[in-house]
Every structure is written in structure tokens, then in C-alpha cells.
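Asks: Chain by chain, the residues:
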Amino acid sequence: MSLTEAEAPAVARSASRRRGRNSSPARSRLARRRRRAGIVLSLPAVALVIALLGLPVGQAVYYSMTQWNGLTATWIGPSTYTALVKDPIFWRVVQNNALLLLAVPVAIGIPLVIAALLNEHVRGWRFFRSVYFLPTAISWVVIGMFALRFFSATGVLNGLLAHLGFGASATDMLAGEHSALAALAITFIWSMVGTNTIIFLTGMATLDPTLVEAARVDGLSRIGIFFRVTLPLLTRFIQFSFVITVISAFSALFSLIFVMTSGGPGFGTTTLEFFIYQAGFQQVQLGTAALYGVVLFVIMAIAGLIQLRLIKPDDGEGW
Amino acid sequence: MTTSRATAQLPQRNTMRLRGKITTAALLLTMVIVAVVMLYPFWYIVDNAFRGQGQYDRQSGHSLGGWRQLFANLPVGGQLLNSTVVCVAAIAIILIVSTTAGFAFAKLRYRGSGLVFLLVVSALMVPLQSILFPEFVNLSNVHLTSSYAGAVLVYAALGTPFATFLMATYYRGISDELIEAAVIDGLGYERTFLQIAIPLSLPAIATVTVLQFIQIWDDLLVGLFFLPTNQRTITAGLATLSTGRTTSVPSLMAGSLISAIPAIIVYLIFQRHLVKGLTLGMGK
Amino acid sequence: MARIELDAVTKQFPDGTTAVRALDLAVGDGELLVLVGPSGCGKTTALRMIAGLEEVTSGTISIDGRPVNDLEPRHRDIAMVFQSYALYPHLSVYDNMAFSLKYRGGVSKAQIRQRVADAARILELEPYLERKPRQLSGGQRQRVAMGRAIVRQPRAFLMDEPLSNLDAKLRVQMRAEIAQLQRSLGTTTIYVTHDQIEAMTLGSRVAVISGGVLQQVASPQELYRRPANLFVAGFIGSPPMNLIDARLERAGEAADGAPVAAFGPHRLRVPQEVIREHPALEQHVGGDIVLGIRPEHLHDAALIPAGTSWPVIELPIRLREELGSEVHLHAAIGSAAHVSEDGSADDVRSLATIVAKADPRTKIAEGETAAIAVDASEVQFFDRATGASIRR
Numbered sequence: 001m002s003l004t005e006a007e008a009p010a011v012a013r014s015a016s017r018r019r020g021r022n023s024s025p026a027r028s029r030l031a032r033r034r035r036r037a038g039i040v041l042s043l044p045a046v047a048l049v050i051a052l053l054g055l056p057v058g059q060a061v062y063y064s065m066t067q068w069n070g071l072t073a074t075w076i077g078p079s080t081y082t083a084l085v086k087d088p089i090f091w092r093v094v095q096n097n098a099l100l101l102l103a104v105p106v107a108i109g110i111p112l113v114i115a116a117l118l119n120e121h122v123r124g125w126r127f128f129r130s131v132y133f134l135p136t137a138i139s140w141v142v143i144g145m146f147a148l149r150f151f152s153a154t155g156v157l158n159g160l161l162a163h164l165g166f167g168a169s170a171t172d173m174l175a176g177e178h179s180a181l182a183a184l185a186i187t188f189i190w191s192m193v194g195t196n197t198i199i200f201l202t203g204m205a206t207l208d209p210t211l212v213e214a215a216r217v218d219g220l221s222r223i224g225i226f227f228r229v230t231l232p233l234l235t236r237f238i239q240f241s242f243v244i245t246v247i248s249a250f251s252a253l254f255s256l257i258f259v260m261t262s263g264g265p266g267f268g269t270t271t272l273e274f275f276i277y278q279a280g281f282q283q284v285q286l287g288t289a290a291l292y293g294v295v296l297f298v299i300m301a302i303a304g305l306i307q308l309r310l311i312k313p314d315d316g317e318g319w
Numbered sequence: 001m002t003t004s005r006a007t008a009q010l011p012q013r014n015t016m017r018l019r020g021k022i023t024t025a026a027l028l029l030t031m032v033i034v035a036v037v038m039l040y041p042f043w044y045i046v047d048n049a050f051r052g053q054g055q056y057d058r059q060s061g062h063s064l065g066g067w068r069q070l071f072a073n074l075p076v077g078g079q080l081l082n083s084t085v086v087c088v089a090a091i092a093i094i095l096i097v098s099t100t101a102g103f104a105f106a107k108l109r110y111r112g113s114g115l116v117f118l119l120v121v122s123a124l125m126v127p128l129q130s131i132l133f134p135e136f137v138n139l140s141n142v143h144l145t146s147s148y149a150g151a152v153l154v155y156a157a158l159g160t161p162f163a164t165f166l167m168a169t170y171y172r173g174i175s176d177e178l179i180e181a182a183v184i185d186g187l188g189y190e191r192t193f194l195q196i197a198i199p200l201s202l203p204a205i206a207t208v209t210v211l212q213f214i215q216i217w218d219d220l221l222v223g224l225f226f227l228p229t230n231q232r233t234i235t236a237g238l239a240t241l242s243t244g245r246t247t248s249v250p251s252l253m254a255g256s257l258i259s260a261i262p263a264i265i266v267y268l269i270f271q272r273h274l275v276k277g278l279t280l281g282m283g284k
Numbered sequence: 001m002a003r004i005e006l007d008a009v010t011k012q013f014p015d016g017t018t019a020v021r022a023l024d025l026a027v028g029d030g031e032l033l034v035l036v037g038p039s040g041c042g043k044t045t046a047l048r049m050i051a052g053l054e055e056v057t058s059g060t061i062s063i064d065g066r067p068v069n070d071l072e073p074r075h076r077d078i079a080m081v082f083q084s085y086a087l088y089p090h091l092s093v094y095d096n097m098a099f100s101l102k103y104r105g106g107v108s109k110a111q112i113r114q115r116v117a118d119a120a121r122i123l124e125l126e127p128y129l130e131r132k133p134r135q136l137s138g139g140q141r142q143r144v145a146m147g148r149a150i151v152r153q154p155r156a157f158l159m160d161e162p163l164s165n166l167d168a169k170l171r172v173q174m175r176a177e178i179a180q181l182q183r184s185l186g187t188t189t190i191y192v193t194h195d196q197i198e199a200m201t202l203g204s205r206v207a208v209i210s211g212g213v214l215q216q217v218a219s220p221q222e223l224y225r226r227p228a229n230l231f232v233a234g235f236i237g238s239p240p241m242n243l244i245d246a247r248l249e250r251a252g253e254a255a256d257g258a259p260v261a262a263f264g265p266h267r268l269r270v271p272q273e274v275i276r277e278h279p280a281l282e283q284h285v286g287g288d289i290v291l292g293i294r295p296e297h298l299h300d301a302a303l304i305p306a307g308t309s310w311p312v313i314e315l316p317i318r319l320r321e322e323l324g325s326e327v328h329l330h331a332a333i334g335s336a337a338h339v340s341e342d343g344s345a346d347d348v349r350s351l352a353t354i355v356a357k358a359d360p361r362t363k364i365a366e367g368e369t370a371a372i373a374v375d376a377s378e379v380q381f382f383d384r385a386t387g388a389s390i391r392r
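Chains as they are written, first to last, in the numbering used here: chain A, 1 to 319; chain B, 1 to 284; chain C, 1 to 392.
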């Protein structure tokens, strides 16, 4: 490999041109070491994820087409899916999920207003921000503990109504199917306030203040500015918050339901994720549980894909 | 000349000030109301945790009755310890795995690494419920469900995607030249990671730790499923207590309080990191 | 079209800093007044107070005789062009310009279309009406910002360094366009900039501000020829005026007993005409003054027209800079450097140099001691203690 002083640079140049920028002969050894280090360092994460997340997904797909009790699995085939579509209880459960979706706009709208209030930076706003975000540190179990006592017949809500003089309309919200779902939804909204408020507050902090100033000089009222300038500029954040809220509604409420209603009364508060638990744990029909699990996964995957597209916007919305 | 003009406009100045003051007062009032709504459940829990059953029914008086019943019905100390062990172990794994992988994806690009990165991060959307039963069967087949190990691994796997995403984003912000300088000085890439990347990423590590701590400590499903009864976390213990045959509400309130306090303390101290972790997920 | 008056306007921020101190300013109907000064001098704060974006701590701001201190920005009928243009990124150029008209009310849809079309034509934005701001170049965005202000047909324009973010060439071009636009529209305009060249070329009057205090407000020529104090003298003009610490002495042997400015080894005789124009100089004899001589008033003595009796001093030339159209000669004057009141860069070196803008034909070279002629009629005198110009 010995070249004269004149030849060496020429050879190196043509070699690197073939290999692309930044890859002289010495560098390619480095590049190889870098590649190897990269593979070695990323291996643990990949292995962990594949073994404990990827593998079970594949298995779930397999078992979704079987009858399985944990020990033996009897193959049935894709007809499990067609049978599912005809199952009225399944649709009842899906309906619950759909109804929960109605809570999402509320879970976004209220934090928007709160974030706007905080954004005015009245003295002490940071304290309020801490307070509003505090519920995110609390387990759903604990929240459920309180919610149970709040909505029950002898609960806080009725006590409050009595105090205000509306004693007549005291209800046991957890006794009725739809009212129980409503109670669930209200609790869900309460706990999402913190997260979404922070998202929107962060968004508002990134807004160019001169845009608001320009609108003030141009003649818009404070409310006009909120709707015509602030909100349109927050679109990406609202989308992000929407996806997070929907994902939470579909996959984070298990503990809440477990403690509050156990899915009842009847199927009133049985959402898809609780349905999985019921099928597997209570009825030991693990194949069915896997079936519901796959459906839930598909829904989550769609929501997740939307979120990934938002993180890398391809239409350049905004800036 | 100035004084006469000043007095001439005084009434107008006052009305504008007043309007400003009213808006501020209205704002503060609204914020206080929202704060009350947010904090009331805590108050309720604290208030009723220090009652006996009778006192709870009457909603008056305070005692340690709830606490006595809680400790009678639940191995509180042991479960707190279990929660701690599981949290620490899982977070340790998550940190090791996500810092290495995050660094690799951010700085040590290899063919297909972009795709692999996407794969790892997209595992975010796998809900535990979907893989619950296959996972359990797998882990019990390798005898990992009779100890902490199974739960720890599941927590670690669940937390890795987001943690890796966070670390990778953070590492991308470190200039390439810093790495190259270390390489020129003779460090291998692995040593560069240990001695340069890690010290520089302490804020991100703190964020991941805080986020994961709260998530794992507060989690129910994994704790319920993958831990043997005698090694339950406090959250799982509390949940089973509430759906069990106990009728002592104060004891449940006390249990709620004690399980919530560690997470609240961590939150209060590391608030900023929590917020940063959440907003980092939104990208730039 | 409006008169804008500031009467002893002061702005103090909550942390104690006083950004603007007792500012008195009157802008006539249809006038273009420039507020100029270094960064942080308070000029933008003053503009924002006029816009209503900052509260006035004390003093009165009036538009057309009516005090507006407590009036919200949107009721003041003024339009503002921001340094960063503040274009709404989610709206097209057309929508950006039509924005305020739509939501302010009082203008019909047809009128909006007409006004936007007119402004677009004047600013040559017609091909870009459907584009979003991020698809435009810096210069185009700047014009959209202007267009947004124009369609409002306001009583006054407020412009906050609108050209700072453009490259030098574009700045020169846009400067001329803004000047022409303002003249044709006849709208009262207050223009803020830190660039003294912009100020001199644009304004019918220029207000120089430093440290929140108005230094001088006058026409560009007046500022150039008769600066009121050391700050204005050193700020206006490029290269800046040479400021030399000197002592005003009575020369014993001079025939007419004229005073002499002494600095270093040099004695600069002050001609009689100059003393006649600056009678107050007499009182400063024996005291410390600052001489101000613009580089363009220092000449190669070999090249001045025959018969001119300008005083000449011998100066060692340290540096010769060739600029093509002119030559800059840096000469040592052999005395301590003048320290300006804000302690800025001059006082780094202990020995002063002055700059002479010489005729490009000059043969003076580095290292030689050259004869420099001083156009004494243009020399400025300042009281060293107060910084004020010594006039009458």
C-alpha cells in the first residue's frame, strides 16, 4: 500500500469520492468502529423492546384466533374476528369508548381557557400552575378512591347539592349505566386538566409576542385576539393534546374503572381495556382477551401514527 | 402646565385603572376557584384519613382510627418497600438502556438505525392491556413472576421507548464536534459515551427518572399481574384493599395518602423536569 | 394625519430602570420624525408608549391634542410596523393585510379588497397575495408588514427599526421606498432606528436619544453642523467626529491675542471669525474643553486650494486606509485619548489617534509626519465638564 507523495492524494480523493464525503481511508476504519459501537449500544434497548413488547404483540395476534386458557390453545382461525363483529356486547363496549370520546373536547377546551388565564401572568401564577399540575402525580387508584366517594349516593356531590339547596336532585351517579360513565368521564377530564394546561401554556410561551402586540394595535379585542391569533397559532399543540387525551382515554383508565365501578353497573363503564381484563381474568378466556387486545392495539397504533406524523409535520403548518 | 393637564385627565385615568384592577381580580378569583377544584380531593383524603369509621359517617372528629385499620389490613411498610425496589430496579434498567440507545441513535448512525429508532419509539403505542396475557404466560414460563424480576422487566420495557426518544432528542442537541474531539483524543466511542455524553445529559436523565418514577409508582396493572401477592406494590395493595371486603373508608383514605405522598414529594421537588419531559415529546 | 406630542414622558420599569426620562417631543402633521440612538437608549420604549403597548409612568402623550395615556392601542388609530414584521404565519399575504380591516369592522368587503389591492400595487406585492409569509424573502415580508399598516389608513405610522433585519443593499433600497411612500401618503410617521445614516437620510427632523434622555432634535443638517453636545457630535457622521481633549489658552506671542487650543505638542489657533460666532468661548479661556473636528474637515495641506489660510499642524501618520473614493489617515496627536461619558471604546488606548478623510490623490504615506490643514470654521467646541456645545 505504498504510494508516492504525488499519487497518494489523487487516489485518496477518487476513493473518497466513491465513498462519499468525509471518508478517506483512515476515516473508514473510524466509521466502522462507530457503526459497531452504535449497534452494540442500541442493542439492549432493541432487545428489551422486541422481547417484552414486540413478541407478545405477535403472540396476541396468534392467540386472538384461538381458544386459550393459558395452558392450551385451540386454533379457531380468523373467524374469531368476524364473530366479534357480530357480538352485541362488544359493540356495547365500543359504544362506551365512543361516548368517552365526547369528553375529549371538554378535556381540551377547559385547559385552553385555564392556560390563557395563567398566561396573563398575574402575580402568583406559577403557584397556580404547580397546583393545577399536581393531580398528574397522583395514581389513578387514589383518584378513583376519591371519585367513588364523590359520586356515590351518600357522597360529596350530593352533599354539595344539598348545601346549595338542590337537595332534591341528589343522585347516585354510580348506579345508572350512563350516569356512571358520565362520572367516569368527569373524573377523566379533571385529571387531564393538569397535563393539557401545561401543554397549552408551553405553546403560548413559544408564541411570538409581537404577533399579539400587532393584533392589539390592529384593533382586536382581547377575546378577538384569543380566537383569531392565539388559537390558530396553537393548532399543533391542540393536535398533540388531542392525541394524548384520546390515548389516555383508551388505555389509562383501567385503574380508575377497577376502583370506581368494576366496569358496572352492567356494562355501563366497561371500556375496551377493562373488557380485556374481564375476559382474561374473570372468564379466563385468554384467546378472547387477546382478540380484544389486538383491536385495542390497532386503535392505539392509528392514534400513535397520527402523533408521529405531527412531530414531523410534512406540510409545514405554522412556521 | 403639566399639572393642569394632569388634573384635567384624572377621571379618565382612574376609570382605566379600575377596569384593569377588576380584570385582575376576576382572573385571580377564577384561578382560585380552579385551584380549589383541583385540590379538594386531596383535602378530602387527608381530612378523612384521620378519622375512625364512626367519625367518617358523622363527618366530624379526628383520630388515628383509619391508620390503625390500614396497618391492620395491609402490610404497608412491606408494600412501600416493594414499590421502592421495583421503581429503583426498573428505572436503573431504563436509564442504562435508554441512554446507550439514545446516544447510539443520535450520534452513532449506522445503516438502518433510523428505522430501528422508529421501531423502538413506536413501541410507545403498545398498550399493556393488549399484550397482558401473552406477556404473563411468557414470563411465568421462565419463572420470573414469582419475584420482582417479571414486573421490573415489564416496567422497563414499557418505559424504554419514550425514555429512548427523550435521550436521543437530548443527545442530538450536543454538537458533533464535541464527540469528534474526544475521538481524536483517543477515546473509543464507548468511552466517549461514558465520560462525555452521560455527564452532559444529567438534566435529561433527571427528567426520565422523575417521569418514570411517578408512572411506575402509581401503576396498578403491572403490579397486580406480575408480582406475587407477598411482593405487591403499595398501589396494587391499596386497590385490592378497596375492592375487598374492607368497609373502613378512613383506612382506604389513609392508604391513598400514604401511597400518594412519595410521588407528590418527587413532583414538588422536580416539577420543572416533569414539565420539560412532557414538552420535549412535542418536538420543536 | 395627526399631531403627536410627548410632554415630559417618563417610563420606569418595575425593576427600577428608567428607560425614558422626561421626553418632550412634538411631531407635526404629516412629518417623518426619526428617533435615533444606540441600543437600549429608550427609543423603542418611547415608540411603544406612543402605540399604547407600554404604560406611561408619568407625563402625557397626546394625539391631535387629546391625551391618550389610558387609551388602548386599538383605539388610538395608529398602525405599527414591527422589527420582526409580526406577520401571522397561518394567513396568506392577502389575509395578513386584510386582517385588521376584517375584525375592526367599519369597512365593507369591497372596500377591503380595494384597499388591499391598492397597497399591493404600490408595494409590488400583487404576485404574492396568496402566499404564506414563510414562502417570502425578507424584503417581501417587510413590504407585507408595511402593506398591513397602509391599508389601515391610520392617523400615524409607528415604525420600529423596520429595516434592521435586511441585508445592507436591500436596506438602502427600502429606505428610499419608505421615504417616497411616506411623502406620497402624507401620513405622520415616527421612525425608530439605531442606524444614524438611516436617520439622516429619512427624517425631516431627527431626535437623538441616549440613556433615555433626548439629546437634540433638529434637522439632519443642524445635527451635523451644530451638534448640541458631545454625544450627538460623536454619534452623527461616519467616520465619527474626532474628539480631542484640549486646553483653551491665551497665546502670548500671537498678534491678535487670539485663544489657542492646546493638545499634546500642538497649538491650534482659533481664527477671529470663529470667535465671533462663538462668543462664549472667551469665558472658557484657561479651561478644559473638547475639540470636535470631523474627518472631512482635516485635509492634506499640500492639496488645499491656494490662498486658504487654514491652520496647519504636523502629525505622524500611523495608518493609511484606501477606500477607493477616499483615503483615511490615522494620525497620532500625542496626547491622552478623550474618554467619553459612557466609557466606551475610545479609552482602551491611552494615546489618541484622529482620522482625516483625505483627498484620494494625497501622497501622504504611513510613517511620515504630514502637514494636516484644519478647516477651523467647522471646528466644534465642547465644555469638557458638561459635554455641552459652547455656542453663545
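Everything labelled a hint here was simulated from the structure, so no lab data went into it. The reader is advised that the hints may include incorrect statements.
One side only, chain C facing chain A, incomplete, derived with CB under 7 Å [to be verified]: (1) ALA51; (2) SER84; (3) ALA86; (4) HIS90; (5) TYR94; (6) SER100; (7) ARG361; (8) GLY387.
Heads up, incomplete: computed chain B residues facing chain A, CB under 10 Å, no partners named [as the list claims (entries may be wrong)]: (9) TYR40; (10) PHE71; (11) ASN73; (12) PHE136; (13) LEU202; (14) ILE205; (15) ILE265.
Per label pair, the in silico range of CB-to-CB distance [to be verified]: (16) ALA110/C <-> GLY224/A: 20 to 30 Å; (17) GLU378/C <-> PRO209/A: 38 to 48 Å; (18) ARG225/C <-> ALA205/A: 30 to 40 Å; (19) GLN153/C <-> PRO209/A: 18 to 28 Å; (20) ALA206/B <-> GLN95/A: 39 to 49 Å; (21) ALA98/A <-> GLY54/B: 37 to 47 Å; (22) ARG109/B <-> GLU366/C: 10 to 20 Å; (23) ILE223/A <-> ALA8/C: 33 to 43 Å; (24) ALA8/C <-> ILE306/A: 36 to 46 Å; (25) GLY77/B <-> HIS121/A: 22 to 32 Å.
Beta carbons are placed, not taken as given, at the ideal position from N, Cα and C, and that holds for glycine.
Asks: Each hint: holds or not?
Replies: Structure-based check of all given hints:
{"no.": "1", "hint": "ALA51", "result": "holds (6 Å)"}
{"no.": "2", "hint": "SER84", "result": "holds (5 Å)"}
{"no.": "3", "hint": "ALA86", "result": "holds (4 Å)"}
{"no.": "4", "hint": "HIS90", "result": "holds (5 Å)"}
{"no.": "5", "hint": "TYR94", "result": "violated (15 Å)"}
{"no.": "6", "hint": "SER100", "result": "holds (3 Å)"}
{"no.": "7", "hint": "ARG361", "result": "violated (49 Å)"}
{"no.": "8", "hint": "GLY387", "result": "violated (36 Å)"}
{"no.": "9", "hint": "TYR40", "result": "holds (8 Å)"}
{"no.": "10", "hint": "PHE71", "result": "violated (17 Å)"}
{"no.": "11", "hint": "ASN73", "result": "violated (15 Å)"}
{"no.": "12", "hint": "PHE136", "result": "holds (8 Å)"}
{"no.": "13", "hint": "LEU202", "result": "violated (18 Å)"}
{"no.": "14", "hint": "ILE205", "result": "violated (15 Å)"}
{"no.": "15", "hint": "ILE265", "result": "holds (9 Å)"}
{"no.": "16", "hint": "ALA110/C <-> GLY224/A: 20 to 30 Å", "result": "holds (23 Å)"}
{"no.": "17", "hint": "GLU378/C <-> PRO209/A: 38 to 48 Å", "result": "holds (46 Å)"}
{"no.": "18", "hint": "ARG225/C <-> ALA205/A: 30 to 40 Å", "result": "violated (50 Å)"}
{"no.": "19", "hint": "GLN153/C <-> PRO209/A: 18 to 28 Å", "result": "holds (26 Å)"}
{"no.": "20", "hint": "ALA206/B <-> GLN95/A: 39 to 49 Å", "result": "holds (43 Å)"}
{"no.": "21", "hint": "ALA98/A <-> GLY54/B: 37 to 47 Å", "result": "holds (44 Å)"}
{"no.": "22", "hint": "ARG109/B <-> GLU366/C: 10 to 20 Å", "result": "violated (55 Å)"}
{"no.": "23", "hint": "ILE223/A <-> ALA8/C: 33 to 43 Å", "result": "holds (35 Å)"}
{"no.": "24", "hint": "ALA8/C <-> ILE306/A: 36 to 46 Å", "result": "violated (59 Å)"}
{"no.": "25", "hint": "GLY77/B <-> HIS121/A: 22 to 32 Å", "result": "violated (45 Å)"}
In summary, the structure is inconsistent with hints 5, 7, 8, 10, 11, 13, 14, 18, 22, 24, 25 from the numbered list given earlier, while agreeing with the others.
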